[in-house]
Amino acid sequence: MEKTVNQRAWLLVIPVLILVAFSSIIPMMTVVNYSFQDSFGGNEFFWVGLEWYRELLHSERLWDAFGRQLLFSFIILLIEIPLGILVALSMPKKGFAASICLVLMSLPLLIPYNVVGTIWQVFGRADIGLLGRALSDLGISYNYSQNAFDAWATVIMMDVWHWTSLVALLSYAGLRSIPSAYYQAAKIDQAGRWSVFRHIELPKMRGVLMIAILLRFMDSFMIYTEPFVLTGGGPGNATTFLSIDLVKMALGQFDLGPAAAFSLMYFLVILLISYVFYTVMITADKNEANR
Amino acid sequence: MEWMAWTLPTALFFVTIALTLAGMSLLHLKYPGTPRTGILGIETMRGDRLFISLLGSGFINLAWIGLTDASQYGALVICGLFAFCVFRWV
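Those protein sequences? They're chains A and B, same order as listed. Just so you know, UniProt numbering puts the end of the first sequence at 291, numbered straight through with nothing missing. Just so you know, UniProt numbering puts the end of the second sequence at 90, numbered straight through with nothing missing.
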């Protein structure tokens, strides 16, 4: 029987193409155009070539924000991934308690970003906040709006509080998908708890953990609302991450050209990291399937 | 379209990218490639190698701007060499 080639299915892709064009491609083209020009408002632009890129690449401000951003992402991954796994391992396996745990773990994920920032802003206040007041009563000097270390600690705690449950839920899903035969085999071999985790659970969770790391890294690398509401990027520039700096430049100073160049460099870094993660994930999946 | 602040160099850049993508698609239809594992140890098709070349070229251009004051055409030559190496060995 001869196969009939029917290319009409391509028409179904058109709506998505139009949507992507309007939401991504056209804005991206505009940003590229802006990044090579200067504007004084009134939709008038002047060609400046690579000037903004040169200025930014030699700017201490950008490199400092980049360093802070990498450090932040590194710290939160270091805390959230092991903590999420630990929470998932401690969660009940079945029954009513498991359902309650799942609902409770999902709650922080449902709270809007700006509300999370506001909650922690109040929570950390030394006069009325539970955390701030408790630390003050214990004689610990804590003020996230004036001390850079306190601001960092609060931003990290806030992110851990908000997002560890995502890692926990993903890990839990990974754990639930392990066939019971593996545990039975481990029992026959009299494997200890650590061996079960190291040789069964961790390898079987690798796929979901890669997704968790990718999601958390990308999200933390683009973090804006929570630290902006909590500290406004301060004290000084202590918690000014890349996106906060970018918004200050684009909307605060209305420097469209430099902000566009900044956005493109930011985008390139994110694209590179996403591609590396994606490739590692796909390669790991293929190796797993070939075993 | 005025709000998009088009200029000839940026328009040429996008036209080049669009033509490259179209060319690669046609090439794939005419001569479908097979995945291969190169020096990076990952399976790549022609499209992957083009993506790696373009992404790498972005960083090469940025590094050139940040590290030298020389003409950007120097970076273009390095990008060409980089793309050749990627298509040949990756």
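Where hints are given, some of them may not hold.
Some chain B residues close to chain A (C-beta under 10 Å, calculated; not the full set) [claimed, not checked]:
| id | residue |
| --- | --- |
| 1 | T16 |
| 2 | L19 |
| 3 | L40 |
| 4 | E43 |
| 5 | M45 |
| 6 | N61 |
| 7 | A63 |
| 8 | Y73 |
Hints in this document: simulated from the structure, not taken from any laboratory. Predicted, not measured: the structure shown is a model, and the values here were computed from it. Glycine residues also receive a C-beta, built at the ideal position from the N, C-alpha and C atoms.
How the hints compare with the structure:
1. T16: Because about 13 Å separates B/T16 from the closest Cβ in chain A, which is outside the 10 Å limit, the hint is violated.
2. L19: violated (15 Å)
3. L40: holds (8 Å)
4. E43: B/E43 check passes; min Cβ-Cβ to chain A is 7 Å, inside 10 Å.
5. M45: violated (12 Å)
6. N61: holds (8 Å)
7. A63: At about 9 Å, which falls below the 10 Å cut-off, the nearest Cβ of chain A leaves the hint on B/A63 intact, so it holds.
8. Y73: violated (12 Å)
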